[in-house]
Amino acid sequence: MAEEKKRLAIICIHGSLDVAFAAFVLATAGAAMEMETAVYFAFYGLEVLKKGKIDKLKVSPLANPAMPVKIPNIVAMLPGMTAAATSMMKSWMKKAKVASLGELMEMAKELGVRLIACQMSMDVMGIKKEELIEGVEIGGAATFLEFASHNAITLTF
Amino acid sequence: MADLIPNVTLDNSGLACPMPIIKTKKAVDGMKVGEILKMIATDPGSVSDVQAWVDKTGHELIKHEQEGDKYIFYIRKAK
Numbered sequence: 001m002a003e004e005k006k007r008l009a010i011i012c013i014h015g016s017l018d019v020a021f022a023a024f025v026l027a028t029a030g031a032a033m034e035m036e037t038a039v040y041f042a043f044y045g046l047e048v049l050k051k052g053k054i055d056k057l058k059v060s061p062l063a064n065p066a067m068p069v070k071i072p073n074i075v076a077m078l079p080g081m082t083a084a085a086t087s088m089m090k091s092w093m094k095k096a097k098v099a100s101l102g103e104l105m106e107m108a109k110e111l112g113v114r115l116i117a118c119q120m121s122m123d124v125m126g127i128k129k130e131e132l133i134e135g136v137e138i139g140g141a142a143t144f145l146e147f148a149s150h151n152a153i154t155l156t157f
Numbered sequence: 001m002a003d004l005i006p007n008v009t010l011d012n013s014g015l016a017c018p019m020p021i022i023k024t025k026k027a028v029d030g031m032k033v034g035e036i037l038k039m040i041a042t043d044p045g046s047v048s049d050v051q052a053w054v055d056k057t058g059h060e061l062i063k064h065e066q067e068g069d070k071y072i073f074y075i076r077k078a079k
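Going down the list, the sequences are from chains Y and P. Note that the working numbering numbers the first sequence so that position 15 is 15, with each residue one more than the last. Note that the working numbering numbers the second sequence so that position 52 is 52, with each residue one more than the last.
Do not take every clue at face value.
Calculated pairs, EDC-like style, for lysine to aspartate or glutamate (alpha carbon to alpha carbon, straight line, at most 16 Å) [to be verified]: (1) P:Lys-23 with Y:Glu-103; (2) P:Lys-26 with Y:Glu-103; (3) Y:Lys-5 with P:Asp-55; (4) Y:Lys-6 with P:Asp-55; (5) P:Lys-23 with P:Asp-11; (6) P:Lys-26 with Y:Glu-34; (7) P:Lys-23 with Y:Glu-110.
None of these hints come from the bench; they were simulated from the model.
Kindly produce the complete structure, drawing on both the sequences and the hints.
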């Protein structure tokens, strides 16, 4: 019997720029290493799959003590600070010549990464299939677990 | 060792992780078994990443050298 292909099963439940970025770096790298890769998006992670959202995700400076530029919470809570922190983060990413989230998403699709939206989260958050990008599968916990039960590494973001 | 003649050259200079290995994978997919890819990267992480990539995918890293800030890899498609 041929050896079963190694799988990479990722869960992404956050919809912020930094977290989604980490999930897509690992997903694309996994696919490049010829692992069968799937990312399961639940709760706030669904934001990543909404049409036109991928390059608009943000990073919050609030309660985020690891930001390279230290922003006190009393300042971070002010209107406009999330946008400011996001544009700072994007400029650092550009300087480090990392791909944008949109580019990584395109790569993931090209490499055959399965993007699965959690049906139950869609119901909770009132998100319809039409709001999601093309090529997304819709499934439940069993869909993900069945995939992950075969020779998989599982990562959660 | 005689000079290696690559069939395909791929320049990933300036690209950060994970792009060098993604582009390497795509280039190797488009080649024939036995052909050699010369891949150039400037990401210092690519030294361990390319080794890990060939270990996982089964392709062969024939040679790896450094010229200034460039890391040059010769990879033979094995399957």
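Index of numbered hints that the structure contradicts, given in increasing order: none
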